[in-house]
Amino acid sequence: MHLTRDSKLRLATVGGLIALSNSAYGDYGLNLVEPASEITKSVFDLHMLTAKLAFYISVIITVLVVYILVKYRRSSGAEADMQMHKGKFGVFSWLLVPIIVLGIDLSIAGPGTATLHQVEKHVDAELTVKVTGSQWKWTYDYLDNGVRVVSNLQEHEPTEAGYLRSVDKLFVLPVDTNIRFLHTATDVLHAWWVPAIAIKKDSIPGYIHETSTRITKEGTYYGQCAENCGTGHAYMPIVVKVVSKDEFNDWVALKTVEANAAAAEASADKVWSKEDLMARGEELYVKNCAACHQVNGAGMPPVFPALKGSAIATGPVADHLDIVIKGKAGTAMAAWGGQLNDLEVAAIVTYERNAWGNDAGDLVQPADVKSAR
Amino acid sequence: MSDAITHEAHHHGPPTGAKRWLYSTNHKDIGTMYLIFALVMLFLGGAMAMVIRAELWMPGLQLVEPDFFNNLVTNHALIMVFAVVMPAGVGLANWMIPLMIGAPDMAMPRMNNMSFWLLPPAAILLVLSMIVPFFGGGQTVNTGWTLYPPLSVQSGMGMDFLIFTIHVLGVSSIMGSINIITTIVNMRAPGMTWMKMPIFVWSWFFTALLLIVIMPVFAGGVTMLLFDRHFGTSFFDAAGGGDPVLFQHIFWFFGHPEVYVLLLPSIGVLGMIIPTFARKPLFGYKSLVYGMAVLYGLGLIVWAHHQYTIGMSIETTTYFMIGTILISIPVGLMIFNFIFTLWKGSITFETPMLFSLAIILMFSFAGTTGVMLAVVPADLQYHDTYFVVAHFHYALIPGSLFGLYAAVFFWLPKWTGHMYNERLGKIFFWWTTIGFNLTFFPQHFSGLAGMPRRIVDYNMIFTEFNVMSSVGAFTFGLSHLLFLYIIIKTVKGGEKAADKPWDGASIGYSGLEWTVPSPPPFHTFEEAPQVK
Ligand SMILES: [Cu+2]
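Going down the list, the protein sequences come from chains A and B. For the first sequence, the numbering used here begins at 1 and goes up steadily by one. For the second sequence, the numbering used here begins at 1001 and goes up steadily by one.
FYI, nobody ran anything at the bench for these hints, they're computed from the structure. Just so you know, even glycine gets a beta-carbon here, dropped at the ideal spot from N, CA and C. There may be inaccurate statements among the hints.
[To be verified] Far from chain B, some chain A residues (derived; all Cβ distances over 12 Å):
| no. | residue |
| --- | --- |
| 1 | L46 |
| 2 | Y235 |
| 3 | F248 |
| 4 | M300 |
| 5 | A318 |
[What the hints assert, rightly or not] A partial selection of chain B residues facing chain A, derived with a Cβ cut-off under 7 Å:
| no. | residue |
| --- | --- |
| 6 | G1138 |
| 7 | T1233 |
| 8 | S1234 |
| 9 | M1312 |
| 10 | I1314 |
| 11 | T1316 |
| 12 | T1318 |
| 13 | G1323 |
| 14 | I1325 |
| 15 | L1333 |
| 16 | S1346 |
| 17 | F1365 |
| 18 | D1384 |
| 19 | V1456 |
Given the sequences, and given the hints that come with them, work out the whole structure.
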């Protein structure tokens, strides 16, 4: 009686495994995400090979054990063979296992090593992007043309398809191009992972790791941070938009124009009005700082201090500029000096000093930021 | 061997009251305390798992904040590893090793007392590590049990509590291991040669050797972390010339063999139970012993397969890949030997046997997903996803926890002198096995579909798998109330157990535990027995 139940349970498991070894489940996702690049295709094939082996080995073991349990159950009158372990089989069979298992191992290690060499082969890249993980956003620097994209979570309700899967700025890449990613991080470990188009390597502060890919299909691909990076780990999605080479070039041109305009604006010796600074500051604050300090400035004490009424945000400007530009080592407060230009820092700091009932009253101009750097 | 009983008459009985337990130097009492401690902590760690699964039941934040969620993830793992499986294993060793090899007690009874009594303070520190953040202790420990810097340097005071927890636990398990090794080497009864030793004793011999090698390394690693946090060193801080990856190497040099620390005692237990209920001598005793030795050696040199994504050179990666795949040889050998112990046996299906059979099937399945994970390029996809979570729960729940359950059912009659209720035992087995599979089997798929581990919230494409997992987890969790009930009922009373409650228990076997009465008197083997 136990046997029928035992085998039923096993059958359910086996059924699941069949599903695993069958790639036709598409969207429902019973298998690894469908590959859209050469390297992920090879990895996918390797995965199918090992998954099938795993499946067959599990089936063989299960069938063998169930057979033994049925055949040699005491209730059927089976009597134990007390001498078996002393016979030839008993004495020499230990050799069998290493031989069989070694055979299986080698049949996996071969393709495994081959694919590994493919993963680590970095042909001359036509496009290099530095991908930087920070708590909790991704920054993409296109090293060939100076374009930078900072990609933050876009808010949605849990019931919406875009929940934890959409970002404010897409990461745009060209199809059929040799792309090299350089992975690093500014604060803690992260891992940039978009299973359809590239394998992952950790983003580690102080390290730069290289991965390569050549994407074969246009489309939108999703992923997210895979290495635990603290409070917002679930909230750093990745959306990659893969377009034709022409479209990509247009996009780069557009971004360059935008960036130049912003830089010109920031470095012009213009004196900004309070309204302008506050308006820009609010927008930038919500985007960059509110994840920790909250939109209403109340923070999440004791971990993320409140800025509303804080000694720094209402005290001397110099201290305030200092912590924003240089950050605070060993805490989640990053150095923003490298990521924000003078105008942006000036706007945010002005905003923090005059919002939520903070009444420092003073304005911070881009020139002040420049001299504080 | 009724000597033991006659001796009992003119010897002192157990002391009474709290002193019996506080000052205890008796291996049976200390073993019992270890087991009770593990059982209590099992419910604590299990309750945390229930909160985790309740939060992951649906997309959206329902119960807990992201930081507290990952604090639960961290402490669930640390409790299950250090406060449940390891103490339970030591409890079994304490109870059974002296009885099996015919020793009157452990070699160093006072040290034995200290090893145990370090555990409650460690448990208190561990629980405090979760509580201090609510009283101004700074950021929670949201790192996961791997405690990777720099995140663990950002954590608040809770992290320091965890570091001290690990120190205290480390001292306890090193002392426990020294005791076990000394006992096995020096206290065997005349005639109990090495190659006659029960396989359970062998499994603990290797486990203890492993612990002595790895625990100091881990303790050193977390001490460096403590220095980075408070004394301005930069062992793991790239900005100060240190290396965040160094910690990962230290952690996994400990962490990988730790898997075998959890696993081996249960393999030993299977080596006792399967021959008993197949009524046939253990097949391949020698190759099992040598297999464990190989596992010991290989286990120490393959740690970096937990960190393929840190960007090692291709040669290093290949070495770790091949080494890891080779582990399938000793593990395959163990499974093979167990299956061929069943072959031509005369098999019955009591609860311990049911657990053992389920372990053979589910653990070998975990082995096959383990080989999938060992293959580097594929692991660069699986790493840090629920596929890994599913794999290691299949390895550790059948591989160690179910082994402990099997052991409890197998030896409860010996310990208490009462038979447990076989019907309830079987109900518990099916209930818990079905719950377990329902919990963790779907996680293979959510991982492949792209769900990373340690996330508090997810997109609705992962909902179905998570709902199944949560339903499974509550089923699994609930079954343990029955487990508790069975144990309490058996301790309190029940059908009297014979000295040898299982008819197949000593077939082709030299262990002495079945020669003493059930329950054994307070002192056993005061005169060394002779093993034939
Ligand atoms: Cu991250």
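Here is what the structure says about each hint:
A Cβ of chain B approaches the Cβ of L46 of chain A within 12 Å, the least distance being about 5 Å, so the stated non-interface status is violated. Not every CB of chain B lies more than 12 Å from the CB of Y235 of chain A, the least distance being 8 Å, so the non-interface label is violated. Non-interface call for F248 of chain A relative to chain B: holds, since the shortest CB-CB distance, roughly 25 Å, exceeds 12 Å. Distance check for M300 of chain A against chain B: the nearest CB is about 9 Å away, which does not clear 12 Å, and the non-interface claim fails.
The beta carbon of A318 of chain A is kept farther than 12 Å from every beta carbon of chain B, the shortest such distance being approximately 24 Å. For G1138 of chain B, the interface hint holds, since its Cβ comes within 7 Å of a Cβ in chain A; the closest pair sits about 6 Å apart. Because the closest C-beta pair between T1233 of chain B and chain A is about 12 Å apart, greater than 7 Å, the hint is violated. The restraint placing S1234 of chain B at the interface with chain A is violated, with a minimum CB-CB distance near 10 Å, outside the 7 Å limit.
Checking M1312 of chain B against chain A: minimum C-beta separation of about 10 Å lies over 7 Å; hint violated. At a threshold of 7 Å, the smallest CB-CB gap from I1314 of chain B to chain A is about 5 Å, leaving the interface hint in force. Interface restraint check: T1316 of chain B against chain A, minimum CB-CB distance 11 Å, threshold 7 Å, status violated. Interface hint status for T1318 of chain B: upheld, as the beta-carbon distance to the closest one in chain A is roughly 6 Å, under 7 Å.
Taking 7 Å as the C-beta contact cut-off toward chain A, the hint placing G1323 of chain B at the interface is violated, the least distance being around 11 Å. Given hint, I1325 of chain B at the interface with chain A, holds; its Cβ is 5 Å from that chain's nearest Cβ, closer than 7 Å. Of the supplied interface hints, the one on L1333 of chain B holds, with its beta-carbon coming within about 5 Å of a beta-carbon of chain A, less than 7 Å. The interface hint given for S1346 of chain B holds, since its Cβ lies 4 Å from the closest Cβ of chain A, which is under the 7 Å cut-off.
Taking 7 Å as the C-beta contact cut-off toward chain A, the hint placing F1365 of chain B at the interface holds, the least distance being around 5 Å. Contact between D1384 of chain B and chain A, as hinted, is supported at the beta carbon level, the nearest pair being about 4 Å apart and thus within 7 Å. A distance limit of 7 Å between C-beta atoms decides the matter here; for V1456 of chain B the minimum to chain A is near 5 Å, and the interface restraint holds.
When each numbered hint is compared with the structure, violations occur for hints 1, 2, 4, 7, 8, 9, 11, 13.
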